[in-house]
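Here is how the chains run, residue by residue.
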Amino acid sequence: MEKRKVYRQAGIGGFRWFLAAAAVLALMAASFTVGALAFSREVPVEQETIELPGIGLTLILPDSWKGRYEVEKDEGESWCRVYVRSVLEKNPEWGGALFYVDRSYDRPMTPEELDEISPIACRYLFSTAGGTYSMNYASDVQWNLEDPEQEREYRQMQEEISQIRFLVDGILSD
Amino acid sequence: MNERQFADRIGNIDDRLVEEARYRRYRRGGGLRRFLTAAVVAALMAASFTVGALAFSREVPVEQETIELPGVGLKLVLPDSWKGRYRVVMDEDTLGCDVYVKSIYEQEGEWAEAGLLFGVYKEYDYPLSQKEIDELTPASNWHFFSTPDATYVISYAGDVQWDPSDPEQEQVFRQMRAEIDQIRFLVDGIPVH
Numbered sequence: 001m002e003k004r005k006v007y008r009q010a011g012i013g014g015f016r017w018f019l020a021a022a023a024v025l026a027l028m029a030a031s032f033t034v035g036a037l038a039f040s041r042e043v044p045v046e047q048e049t050i051e052l053p054g055i056g057l058t059l060i061l062p063d064s065w066k067g068r069y070e071v072e073k074d075e076g077e078s079w080c081r082v083y084v085r086s087v088l089e090k091n092p093e094w095g096g097a098l099f100y101v102d103r104s105y106d107r108p109m110t111p112e113e114l115d116e117i118s119p120i121a122c123r124y125l126f127s128t129a130g131g132t133y134s135m136n137y138a139s140d141v142q143w144n145l146e147d148p149e150q151e152r153e154y155r156q157m158q159e160e161i162s163q164i165r166f167l168v169d170g171i172l173s174d
Numbered sequence: 001m002n003e004r005q006f007a008d009r010i011g012n013i014d015d016r017l018v019e020e021a022r023y024r025r026y027r028r029g030g031g032l033r034r035f036l037t038a039a040v041v042a043a044l045m046a047a048s049f050t051v052g053a054l055a056f057s058r059e060v061p062v063e064q065e066t067i068e069l070p071g072v073g074l075k076l077v078l079p080d081s082w083k084g085r086y087r088v089v090m091d092e093d094t095l096g097c098d099v100y101v102k103s104i105y106e107q108e109g110e111w112a113e114a115g116l117l118f119g120v121y122k123e124y125d126y127p128l129s130q131k132e133i134d135e136l137t138p139a140s141n142w143h144f145f146s147t148p149d150a151t152y153v154i155s156y157a158g159d160v161q162w163d164p165s166d167p168e169q170e171q172v173f174r175q176m177r178a179e180i181d182q183i184r185f186l187v188d189g190i191p192v193h
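If you read the sequences in order, they're chains E and V. If you're matching positions, the first sequence starts at 1 in the numbering used here and goes up one per residue. If you're matching positions, the second sequence starts at 1 in the numbering used here and goes up one per residue.
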């Protein structure tokens with residue numbers, strides 16, 4: 001009773017507490033906004049890519065492949081071979097190779113011309129004035145036949161190869 | 001309180017003075033309390049800042065200058081320096097487009113709608129052979145790009161595309177023309193045969 005009286009005399013009451021709470025809330029909102037603004041800058045989305053500057057090509061892989069593949073390239077980065085990591089780690093003797101990409105010929109060709117000339121089965125990707133790009137697949141089994149998990153993983157990634165996008169440089173170079 | 005004031009107060013102590021004294025004693029203990037309050041408010045502000053930062057720090061795609069030809073699944077990725085400096089005139093069927101220097105294209109007068117840098121069009125629903133390419137390439141300002149189900153033709157203007165009396169237009173045009181080879185083609189959905 002005396003305390004309330006003291007508060008009333010000193011001007012401290014419900015309204016004052018309300019104002020204090022409102023001020024704290026306003027400060028929190030301001031801090032939230034500052035934090036949001038400070039960190040809302042655009043940052044590059046991390047994409048799974050394989051760059052082959054030797055032939056002006058970048059492969060943009062499905063996001064789901066993150067951590068599931070291995071890449072082998074030559075020194076000039078003009079070709080790459082992509083493997084299923086789990087197969088390569090468990091049974092490297094079985095290969096695990098998914099595909100191989102390169103500029104097969106330094107002249108433009110049609111798919112038919114490529115089929116005729118290519119010694120192995122391959123997928124025609126595209127041609128520019130400077131060359132024909134293709135993707136080659138393994139012709140034999142690439143996983144341990146006794147490991148169904150390896151087969152499942154391999155087949156799933158094999159199906160997703162069609163989702164790969166290709167970023168081509170230098171098409172308009174003189 | 002000096003002696004005189006003390007003397008004046010003797011016998012005049014009422015409830016109000018007692019309560020004021022109590023209140024002053026109550027306020028003396030407020031230093032620590034104020035410090036604690038400030039610390040709590042600072043902690044709440046820091047937490048709010050962190051929550052705001054975390055909520056808006058998601059990865060978002062970096063804005064690239066691109067031209068998409070939705071009719072053919074092809075995207076041109078332009079140099080970043082072209083931002084705000086080019087104008088795209090899309091073909092009605094979205095199978096192709098012409099790209100202009102914006103400042104030249106949008107000017108008034110005789111040279112309005114000039115400034116053509118290049119055009120990209122899907123010309124055929126099949127890839128050209130070397131023989132066809134040789135036959136169809138009458139000039140050096142002609143490039144092409146073929147996928148299993150399409151041939152795209154890329155052509156440049158054969159004549160002057162800026163007002164010759166304006167050296168600034170020529171300078172802008174030549175600079176962007178020189179940067180054309182930085183354009184990248186993003187190909188999506190190449191059929192698996």
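To be clear, the hints were calculated from the coordinates, so they are not data collected in a lab. Just so it is clear, the structure is predicted and the values come from calculations on it, not from any experiment. Even glycine gets a Cβ: it sits at the ideal position worked out from N, Cα and C. Careful, some of the hints might be misleading.
[To be verified] Ranges of calculated distance between the beta carbons of each label pair, as one might list FRET restraints:
| no. | chain 1 | residue 1 | chain 2 | residue 2 | range |
| --- | --- | --- | --- | --- | --- |
| 1 | V | 166 | E | 51 | 39 to 49 Å |
| 2 | V | 46 | E | 22 | 16 to 26 Å |
| 3 | V | 167 | E | 158 | 55 to 65 Å |
| 4 | V | 131 | E | 37 | 36 to 46 Å |
| 5 | E | 71 | V | 166 | 33 to 43 Å |
| 6 | E | 37 | V | 64 | 20 to 30 Å |
| 7 | E | 16 | V | 31 | 11 to 21 Å |
| 8 | E | 118 | V | 124 | 17 to 27 Å |
| 9 | V | 92 | E | 158 | 53 to 63 Å |
| 10 | E | 71 | V | 43 | 39 to 49 Å |
| 11 | V | 158 | E | 112 | 28 to 38 Å |
| 12 | V | 71 | E | 71 | 32 to 42 Å |
[Said to hold, decoys possible] Covered by chain E, per the in silico footprint, the following chain V stretches (three or more residues, Cβ under 8 Å):
| no. | region |
| --- | --- |
| 13 | 44-56 |
| 14 | 120-129 |
Cross-check of the supplied hints:
1. 166(V) / 51(E): 39 to 49 Å: holds (41 Å)
2. 46(V) / 22(E): 16 to 26 Å: Once the Cβ atoms are compared, 19 Å apart, the range 16 to 26 Å for residue 22(E) and residue 46(V) holds.
3. 167(V) / 158(E): 55 to 65 Å: Distance hint for residue 167(V), residue 158(E) holds at roughly 58 Å.
4. 131(V) / 37(E): 36 to 46 Å: Taking Cβ atoms as reference, residue 131(V) and residue 37(E) lie about 60 Å apart, which means the hint is violated.
5. 71(E) / 166(V): 33 to 43 Å: violated (50 Å)
6. 37(E) / 64(V): 20 to 30 Å: holds (23 Å)
7. 16(E) / 31(V): 11 to 21 Å: For residue 31(V) against residue 16(E), whose Cβ atoms are near 19 Å apart, the range 11 to 21 Å holds.
8. 118(E) / 124(V): 17 to 27 Å: holds (23 Å)
9. 92(V) / 158(E): 53 to 63 Å: violated (40 Å)
10. 71(E) / 43(V): 39 to 49 Å: Since the Cβ atoms of residue 71(E) and residue 43(V) sit about 47 Å apart, the hinted range of 39 to 49 Å holds.
11. 158(V) / 112(E): 28 to 38 Å: holds (33 Å)
12. 71(V) / 71(E): 32 to 42 Å: 33 Å Cβ-Cβ, so the 32 to 42 Å window holds.
13. 44-56: Check passed, 13 qualifying residues.
14. 120-129: It holds: at least three residues are needed, and the region 120-129 of chain V offers 4 whose Cβ sits within less than 8 Å of chain E.
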